[in-house]
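Residue-level listing of the chains:
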Amino acid sequence: MNSNADDKMTIIAFSGDLDKTLAAFILATTAASMGMQVSIFFTFWGLNIIKKNEGPIKSKGILRKMLNLMNRGGAKRLKLSKFNMAGLGTSMMKKFMKESNMPSVEEMIDMAKEMGVEFIACTTTCGVMGLDEDAFIPAVDKMAGAATYLNEARNSKINLFI
Amino acid sequence: MNSNADDKMTIIAFSGDLDKTLAAFILATTAASMGMQVSIFFTFWGLNIIKKNEGPIKSKGILRKMLNLMNRGGAKRLKLSKFNMAGLGTSMMKKFMKESNMPSVEEMIDMAKEMGVEFIACTTTCGVMGLDEDAFIPAVDKMAGAATYLNEARNSKINLFI
Amino acid sequence: MNSNADDKMTIIAFSGDLDKTLAAFILATTAASMGMQVSIFFTFWGLNIIKKNEGPIKSKGILRKMLNLMNRGGAKRLKLSKFNMAGLGTSMMKKFMKESNMPSVEEMIDMAKEMGVEFIACTTTCGVMGLDEDAFIPAVDKMAGAATYLNEARNSKINLFI
Numbered sequence: 001m002n003s004n005a006d007d008k009m010t011i012i013a014f015s016g017d018l019d020k021t022l023a024a025f026i027l028a029t030t031a032a033s034m035g036m037q038v039s040i041f042f043t044f045w046g047l048n049i050i051k052k053n054e055g056p057i058k059s060k061g062i063l064r065k066m067l068n069l070m071n072r073g074g075a076k077r078l079k080l081s082k083f084n085m086a087g088l089g090t091s092m093m094k095k096f097m098k099e100s101n102m103p104s105v106e107e108m109i110d111m112a113k114e115m116g117v118e119f120i121a122c123t124t125t126c127g128v129m130g131l132d133e134d135a136f137i138p139a140v141d142k143m144a145g146a147a148t149y150l151n152e153a154r155n156s157k158i159n160l161f162i
Numbered sequence: 001m002n003s004n005a006d007d008k009m010t011i012i013a014f015s016g017d018l019d020k021t022l023a024a025f026i027l028a029t030t031a032a033s034m035g036m037q038v039s040i041f042f043t044f045w046g047l048n049i050i051k052k053n054e055g056p057i058k059s060k061g062i063l064r065k066m067l068n069l070m071n072r073g074g075a076k077r078l079k080l081s082k083f084n085m086a087g088l089g090t091s092m093m094k095k096f097m098k099e100s101n102m103p104s105v106e107e108m109i110d111m112a113k114e115m116g117v118e119f120i121a122c123t124t125t126c127g128v129m130g131l132d133e134d135a136f137i138p139a140v141d142k143m144a145g146a147a148t149y150l151n152e153a154r155n156s157k158i159n160l161f162i
Numbered sequence: 001m002n003s004n005a006d007d008k009m010t011i012i013a014f015s016g017d018l019d020k021t022l023a024a025f026i027l028a029t030t031a032a033s034m035g036m037q038v039s040i041f042f043t044f045w046g047l048n049i050i051k052k053n054e055g056p057i058k059s060k061g062i063l064r065k066m067l068n069l070m071n072r073g074g075a076k077r078l079k080l081s082k083f084n085m086a087g088l089g090t091s092m093m094k095k096f097m098k099e100s101n102m103p104s105v106e107e108m109i110d111m112a113k114e115m116g117v118e119f120i121a122c123t124t125t126c127g128v129m130g131l132d133e134d135a136f137i138p139a140v141d142k143m144a145g146a147a148t149y150l151n152e153a154r155n156s157k158i159n160l161f162i
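Protein chains in written order, with our numbering: chain A, 1 to 162; chain B, 1 to 162; chain C, 1 to 162.
Rather than coming from a laboratory, the hints here were simulated on the basis of the structure. Among these hints, one or two may not hold up.
All copies of an identical chain are treated as equivalent in the list; a pair is satisfied when it fits inside any one copy or across any two copies.
Here are the simulated lysine to aspartate or glutamate pairs, EDC-like style, with alpha carbons at most 16 Å apart [to be verified]:
(1) K142 with D7
(2) K65 with E99
(3) K60 with E99
(4) K95 with D7
(5) K82 with D132
Keep in mind that this is a model prediction, so the values were computed, not measured.
With the hints as constraints, model all of the structure from the sequences given.
Here it is, written out as structure tokens:
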């Protein structure tokens, strides 16, 4: 692990809202383009960002199947934290993003990976929600817990909870 | 106060949502187990986490009594930030936590205190909401304002607003 | 730019909720009064905090006009993230703030400016939402993107995403 704290940033992606996800990825890709080493820890609703867009999400037990059906996830299904308005606000925002030549979340994920941003899925919340590696896109580098995050964060210059 | 910034973490617990509270306490207890010195500043809705579970919350004036009735608080009354679904999603999450052997928020509070995590209630929001020390569980170490927080945060390696 | 990291704090004001805005400004003004150099980056819904309270917000295209009509903004129109209750909770909170001699957001903006807090509007989200400098109060020092934020944050002791 790099001991030069000036070169690192960590982001905890907790919410999985479209707008907060955009903020997280704009910061992550910009930091990477500036030569910083960036790690994103996906936890709770933030796991939705890295869930597969297609196919069923396997999970054990009826209640967890229900949760993962309602909380479907996938980068293209994220919704705004405000003004979602049954999807209307979210569609509008995606249209505005396209017109402004801003990449979609899916494109930002690809960009981030090309730039070497590390994707970590939180083992603890995966356990609670009944998710394993199969639920996620290949962009995810590893599954790890709070200790891994804290070790990176204590060696980073910028740490954000988004 | 310890001047070794590498050893410290501060968390502002603002939201009081069950899921964000779990994230805050998992990070706080893991950091403490790694030898870090951790302070949690409870403010706004985050004060609900440290309100007594039982008995009335005293406060001055009818409006503040109403606020503290609606915004009852207590670690066992926290709700999810998403998918609360009139309490159904929150109950389901608590069930999943139990099945995964994850401690409840009440248990995490006890664990955090045993590990020396410092609990600070924000005087400013207590003032606005008409709350005093009597409203809180004994786990709270002191009431203090933003200057106290900032002094700890500027000497900490990790600072999160949750 | 100051290279003494101990003297700086950055805040990303993302949400534009009344309660989170109060937290951000209490921290910013207290830090400034302690001699710290503070920058606030207003982005997404946080741009509402620095929108003009009066007059129309110009923006290109019918959809963006609709967005800026619904998402009107202005410091005096901010709402609570919880317990807004069709404005009732927000009014109650403003009353409590007044009774506790806490300044309003508008007053905090003035205080922050007098203390030298830097206000930066995020160019990227301004682009997406069709906003330009005319939409904002004169307190805004400049418009800039993520790279400007990251350069300040990597040289700061405290970085918060609110």
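Checked hints:
no. : hint          : verdict
1   : K142 with D7  : neither (21 Å within a copy, 26 Å between copies)
2   : K65 with E99  : between (37 Å within a copy, 15 Å between copies)
3   : K60 with E99  : between (42 Å within a copy, 12 Å between copies)
4   : K95 with D7   : neither (35 Å within a copy, 41 Å between copies)
5   : K82 with D132 : neither (30 Å within a copy, 22 Å between copies)
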